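Residues per chain are reported as follows:
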Amino acid sequence: RGRPDEQALTFRRSKMTTSFTKMLSGRNTAMLLASLGAGTMATAYLMTDSNTVSAEQRRKLYPPSADFPDLRKHNNCMAHALTPAIYAKLRDKVTPNNWTLDQCIQTGVDNPGHPFIKTVGMVAGDEESYEVFADIFDPVIKDRHNGYDPRTMKHPTDLDASKITNGVFDEKYVLSSRVRTGRSIRGLSLPPCCSRSERREVERVAVQALAGLKGDLAGRYYSLGDMTEKEQQQLIDDHFLFDKPVSPLLTCAFMARDWPDGRGIWHNNEKTFLIWINEEDHTRVISMEKGGNMKRVFERFCRGLQQVEKLIKERGWEFMWNEHLGYILTCPSNLGTGLRAGVHVKLPNLSRDNRFGKILENLRLQKRGTGGVDTAATGDTFDISNNDRLGKSEVELVQLVIDGVNYLIECEKKLERGQDIKVPAPIGQFRK
Amino acid sequence: MPFGNTHNALKMKFTSSEEYPDLSKHNNHMAKVLTPAIYERLRSKQTPSGFTLDDVIQTGVDNPGHPFIMTVGCVAGDEETYEVFKELLDPIIMDRHGGYKPTDKHKTDLNPANLKGGDDLDPNYVLSSRVRTGRSIRGFCLPPHCSRGERRAVEKMSVEALDSLSGDLKGKYYALKNMTDAEQQQLIDDHFLFDKPVSPLLLASGMARDWPDGRGIWHNDTKTFLVWVNEEDHLRVISMQKGGNMKEVFNRFCTGLKKIETLFKEKGTSFMWNEHLGYVLTCPSNLGTGLRAGVHVKIPNMSKHAKFEEVLKRLRLQKRGTGGVDTAAVGGTFDISNADRLGFSEVELVQMVVDGVKLLIEMEKKLEKGQSIDDLMPAQK
Numbered sequence: 001r002g003r004p005d006e007q008a009l010t011f012r013r014s015k016m017t018t019s020f021t022k023m024l025s026g027r028n029t030a031m032l033l034a035s036l037g038a039g040t041m042a043t044a045y046l047m048t049d050s051n052t053v054s055a056e057q058r059r060k061l062y063p064p065s066a067d068f069p070d071l072r073k074h075n076n077c078m079a080h081a082l083t084p085a086i087y088a089k090l091r092d093k094v095t096p097n098n099w100t101l102d103q104c105i106q107t108g109v110d111n112p113g114h115p116f117i118k119t120v121g122m123v124a125g126d127e128e129s130y131e132v133f134a135d136i137f138d139p140v141i142k143d144r145h146n147g148y149d150p151r152t153m154k155h156p157t158d159l160d161a162s163k164i165t166n167g168v169f170d171e172k173y174v175l176s177s178r179v180r181t182g183r184s185i186r187g188l189s190l191p192p193c194c195s196r197s198e199r200r201e202v203e204r205v206a207v208q209a210l211a212g213l214k215g216d217l218a219g220r221y222y223s224l225g226d227m228t229e230k231e232q233q234q235l236i237d238d239h240f241l242f243d244k245p246v247s248p249l250l251t252c253a254f255m256a257r258d259w260p261d262g263r264g265i266w267h268n269n270e271k272t273f274l275i276w277i278n279e280e281d282h283t284r285v286i287s288m289e290k291g292g293n294m295k296r297v298f299e300r301f302c303r304g305l306q307q308v309e310k311l312i313k314e315r316g317w318e319f320m321w322n323e324h325l326g327y328i329l330t331c332p333s334n335l336g337t338g339l340r341a342g343v344h345v346k347l348p349n350l351s352r353d354n355r356f357g358k359i360l361e362n363l364r365l366q367k368r369g370t371g372g373v374d375t376a377a378t379g380d381t382f383d384i385s386n387n388d389r390l391g392k393s394e395v396e397l398v399q400l401v402i403d404g405v406n407y408l409i410e411c412e413k414k415l416e417r418g419q420d421i422k423v424p425a426p427i428g429q430f431r432k
Numbered sequence: 001m002p003f004g005n006t007h008n009a010l011k012m013k014f015t016s017s018e019e020y021p022d023l024s025k026h027n028n029h030m031a032k033v034l035t036p037a038i039y040e041r042l043r044s045k046q047t048p049s050g051f052t053l054d055d056v057i058q059t060g061v062d063n064p065g066h067p068f069i070m071t072v073g074c075v076a077g078d079e080e081t082y083e084v085f086k087e088l089l090d091p092i093i094m095d096r097h098g099g100y101k102p103t104d105k106h107k108t109d110l111n112p113a114n115l116k117g118g119d120d121l122d123p124n125y126v127l128s129s130r131v132r133t134g135r136s137i138r139g140f141c142l143p144p145h146c147s148r149g150e151r152r153a154v155e156k157m158s159v160e161a162l163d164s165l166s167g168d169l170k171g172k173y174y175a176l177k178n179m180t181d182a183e184q185q186q187l188i189d190d191h192f193l194f195d196k197p198v199s200p201l202l203l204a205s206g207m208a209r210d211w212p213d214g215r216g217i218w219h220n221d222t223k224t225f226l227v228w229v230n231e232e233d234h235l236r237v238i239s240m241q242k243g244g245n246m247k248e249v250f251n252r253f254c255t256g257l258k259k260i261e262t263l264f265k266e267k268g269t270s271f272m273w274n275e276h277l278g279y280v281l282t283c284p285s286n287l288g289t290g291l292r293a294g295v296h297v298k299i300p301n302m303s304k305h306a307k308f309e310e311v312l313k314r315l316r317l318q319k320r321g322t323g324g325v326d327t328a329a330v331g332g333t334f335d336i337s338n339a340d341r342l343g344f345s346e347v348e349l350v351q352m353v354v355d356g357v358k359l360l361i362e363m364e365k366k367l368e369k370g371q372s373i374d375d376l377m378p379a380q381k
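Line order of the protein sequences matches chains V and Y.
Heads up: the first sequence at position 285 corresponds to 285 in UniProt numbering, and the numbers run straight through without jumps.
Heads up: the second sequence at position 259 corresponds to 259 in UniProt numbering, and the numbers run straight through without jumps.
Treat the hints as calculated values from the structure; they're not laboratory data.
All values reported here derive from a predicted model rather than from experimental measurement.
There may be inaccurate statements among the hints.
[As the list claims (entries may be wrong)] The following label-pair restraints were derived from C-beta to C-beta distances:
id	chain 1	residue 1	chain 2	residue 2	range
1	V	Glu56	Y	Thr35	31 to 37 angstroms
2	V	Pro245	Y	Gly65	17 to 23 angstroms
3	V	Arg72	Y	Lys45	38 to 44 angstroms
4	V	Gly428	Y	Thr15	48 to 54 angstroms
[As the list claims (entries may be wrong)] A few chain V positions that, by computed beta-carbon distances, are all more than 10 angstroms from chain Y:
id	residue
5	Pro63
6	Val109
7	Lys163
8	Lys172
9	Ser195
10	Ser197
11	Arg200
12	Leu217
13	Met288
14	Gln306
15	Glu309
16	Asp380
[To be verified] In silico BS3-like cross-links for lysine-lysine, where the CA-CA straight-line distance does not exceed 27 angstroms:
id	chain 1	residue 1	chain 2	residue 2
17	Y	Lys177	V	Lys230
18	Y	Lys25	V	Lys118
19	Y	Lys25	V	Lys73
20	Y	Lys259	Y	Lys107
21	V	Lys313	Y	Lys13
22	Y	Lys196	V	Lys244
23	Y	Lys196	V	Lys118
24	V	Lys244	Y	Lys25
25	V	Lys60	Y	Lys267
26	Y	Lys265	V	Lys244
27	V	Lys60	Y	Lys265
28	V	Lys244	V	Lys367
For every residue, glycine included, the Cβ atom is placed at its ideal position computed from N, Cα and C.
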């Protein structure tokens, strides 16, 4: 069968020799032994010499090659992009918040793959992660976002909902419409990395800002740890309640620490504007309603976001954003707009047509089960939303979903009438 | 976490009370001992390898309680954890280990000749006998904190030592990530295979990172001596067999352990051990001997008796389901083992199990005949 372990260890041992040779001057016998390729036995001897091993010593005793993860069975963006050379270059770096490469990639090491989607396999611990570990984040971003190059390209932000056209769907087909995104508070580390006090600070900043919303946006906050049973049941019935993550993609990224401390749900009285606090991102912002009025959903979305931004700025805070990556979020898949605009739509005929997948692909749409990303579609109702997040603005993406869903509905109607449908030409990637 | 030290210095810009965890709904040893004052004094410290107070307590913060047992709620990342954070860990150790004081000394006794009897537990009642413990290799960080390089080094060193065992201890190593389907099925059928932890107690402390890298199972050809590598501890060592000959199980256990220790010493390292805490392991509950000696025993009548719990308490024994610590007992078959780990030697603990199980069987027999067990009630050990 071949013994890859032995081969790899021999390789590592010879690498250790090279490192140790450089440390030979003025060292003791144990170091000498290690440098001669005596390997881990002698290394252990060195460490029992003085029982304590500092982090600094460990860095030297374990060159990056000793720590390089085994990604042979892995199928995620990180595993495809990470090389021993990149790992060696980045392993000993830390962000200003002391966040490391190993911490970024742990979720991708622990989760080789996902049944329905190609996962990203890494997270940011703070805004600076994307810069300090750019050598791995950049190729991952390129892979995930259709070749988008953060070094050279700029991301457009556009939250002007008045530009939207044809944004009201046929409610015979569209059951509900929803737009979500995330926002991070600059200066505080992200959910994988944050300490309890940082997380509580995020909660404070967000809740204080939300308390200033008025009119149709006025609402209230429910802290996960403090809510009554009755409140909890109501939130479950409304399908608003988020629970402690069970997905290993999230738990392996340290996002569930200290649950439910600092977590909560805010929603307006009309239950059409909802904020999740300290789940997978600092904040997740959701606008939704039953029926097909996506234009109104997006209009409220933009208005709410802009007002929240104004309110936090009044207190000296701002969102994490830059011109290359757009809005900075925990998962690289959500960079740019962080936006997923989608509908629950009934497509019994179209979904059975073998061109369905291709049509979606060309329209740059994805389908999910109505339970969300980790579910398969059952029956004839699908969650249809945009594939892309980065490289196109919010307005562009929502328009793309509107035009695309309208096209799907037209296809469905045609098939109902026994007419044939056409696969549309593929939509271009980034704006020219 | 290896290398980065979870931004210990940066947390210091927030006050201690801003960082203090909410333990109001918690019921574990850590939550009972930790106070804002202790947190304040310890939060700026870290071990030489960078393990911090928050690393120690994270599992206890994330897991308020357990349905069947009072959990410890903290772990060590390295040998020095027990020294650097002794202000927190000493009272937890005292709580968990029956009043064991910071000045107490722990006695190690792995001489099986000192065990009296134990070769005659009634096989009509005792289905199997087992002794397990753990060992940590000095100089390497423990499972919550080790890097991949360290974990692999522990694996390599352990496998080299185990491969040189001979006689009835001769065996073979199965790396979790390399085993064939056939090997895996055999290990499952033998009830040897350990899988990626699902218990949130372990997951929250970082012990499942990089699974299955560096993990594996070694067992001897006769399948009576088994070593787990890099699961919850560096090594878990298990001696077991069907039936009630606990003496034989313990003999093999001691022989095997001593041989392994000798092999490690020849290679210039040793197990983590000191005269106060005995063998040092990841979870404070396993300090001292790290020893759990137990049997699967059929005691349907006894287990329904009103005094069952009281008897166990007096005998210093505990019950579990036959699936292990996170299970409830099914039918009348229980896993009965010693409750203590620290402050008693290995021989003393196995003796308690041997004597205690004998008594439980006597009581079971009486209850079968409809007789009373009142005159058999033991004194508190």
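Against the structure, the hints come out as follows:
A beta carbon spacing of about 33 angstroms between Glu56 (chain V) and Thr35 (chain Y) agrees with the range 31 to 37 angstroms that was offered as a hint. With their beta carbons about 20 angstroms apart, Pro245 (chain V) and Gly65 (chain Y) fall inside the hinted range of 17 to 23 angstroms. A hinted range of 38 to 44 angstroms for the beta carbons of Arg72 (chain V) and Lys45 (chain Y) is consistent with their spacing of about 39 angstroms. One distance hint, 48 to 54 angstroms for the beta-carbon pair Gly428 (chain V) and Thr15 (chain Y), holds here, with the actual separation near 53 angstroms.
Distance to chain Y contradicts Pro63 (chain V) as a non-interface residue, since its nearest Cβ pair spans about 8 angstroms, not more than 10 angstroms. Distance to chain Y contradicts Val109 (chain V) as a non-interface residue, since its nearest Cβ pair spans about 5 angstroms, not more than 10 angstroms. Every beta carbon of chain Y lies more than 10 angstroms from that of Lys163 (chain V), the smallest distance being close to 42 angstroms; the non-interface claim holds. Interface exclusion of Lys172 (chain V) from chain Y stands, the closest Cβ pair being 45 angstroms apart, more than 10 angstroms.
For Ser195 (chain V), the shortest C-beta to C-beta distance to chain Y comes to about 5 angstroms, within the 10 angstroms cut-off, and the non-interface label is violated. Residue-level check failed: Ser197 (chain V) sits 4 angstroms from the nearest beta carbon of chain Y, not beyond 10 angstroms. With a least CB separation of 7 angstroms from chain Y, Arg200 (chain V) falls inside the 10 angstroms interface cut-off, contrary to its annotation. Remark: the non-interface label on Leu217 (chain V) is consistent with the geometry, its nearest Cβ contact in chain Y lying 30 angstroms away (cut-off 10 angstroms).
With a cut of 10 angstroms on Cβ distances, Met288 (chain V) stays outside the contact zone with chain Y, its closest approach being about 31 angstroms. For Gln306 (chain V), the shortest C-beta to C-beta distance to chain Y comes to about 30 angstroms, beyond the 10 angstroms cut-off, and the non-interface label holds. Taking the minimum C-beta to C-beta distance to chain Y, about 25 angstroms, the non-interface status of Glu309 (chain V) holds against the 10 angstroms cut. No Cβ of chain Y approaches the Cβ of Asp380 (chain V) within 10 angstroms, the least distance being about 35 angstroms, so the stated non-interface status holds.
In summary, the hint linking Lys177 (chain Y) to Lys230 (chain V) is not supported, as the alpha carbons are separated by about 47 angstroms, beyond the 27 angstroms threshold. As the CA atoms of Lys25 (chain Y) and Lys118 (chain V) are separated by approximately 38 angstroms, the hinted pair breaks the 27 angstroms bound. Between Lys25 (chain Y) and Lys73 (chain V) the alpha-carbon distance is near 41 angstroms, which puts this suggested pair outside the 27 angstroms criterion. Proximity of Lys259 (chain Y) to Lys107 (chain Y) is assessed by CA-CA distance (about 20 angstroms); at most 27 angstroms being required, the pair is judged to hold.
This hinted pair checks out: Lys313 (chain V) and Lys13 (chain Y) have alpha carbons roughly 23 angstroms apart, not beyond 27 angstroms. Distance hint between Lys196 (chain Y) and Lys244 (chain V) is fulfilled; the C-alpha atoms sit about 20 angstroms from each other, no more than 27 angstroms. Restraint check: the Cα-Cα separation between Lys196 (chain Y) and Lys118 (chain V) comes to about 22 angstroms, which is no more than 27 angstroms; the hinted pair holds. Restraint check for Lys244 (chain V) and Lys25 (chain Y): satisfied, since their Cα atoms lie roughly 16 angstroms apart, inside the 27 angstroms limit.
Distance restraint check for Lys60 (chain V) and Lys267 (chain Y): the Cα-Cα separation of roughly 21 angstroms lies within the 27 angstroms cut-off, and the hinted pair is therefore satisfied. Using a Cα cut-off of 27 angstroms, the hinted pair Lys265 (chain Y) and Lys244 (chain V) is violated, with the two alpha carbons roughly 46 angstroms apart. Pair hint Lys60 (chain V) plus Lys265 (chain Y) holds up; C-alpha atoms about 24 angstroms apart against a cutoff of 27 angstroms. For the given pair, Lys244 (chain V) sits about 25 angstroms from Lys367 (chain V) by alpha-carbon distance, which is consistent with the 27 angstroms threshold.
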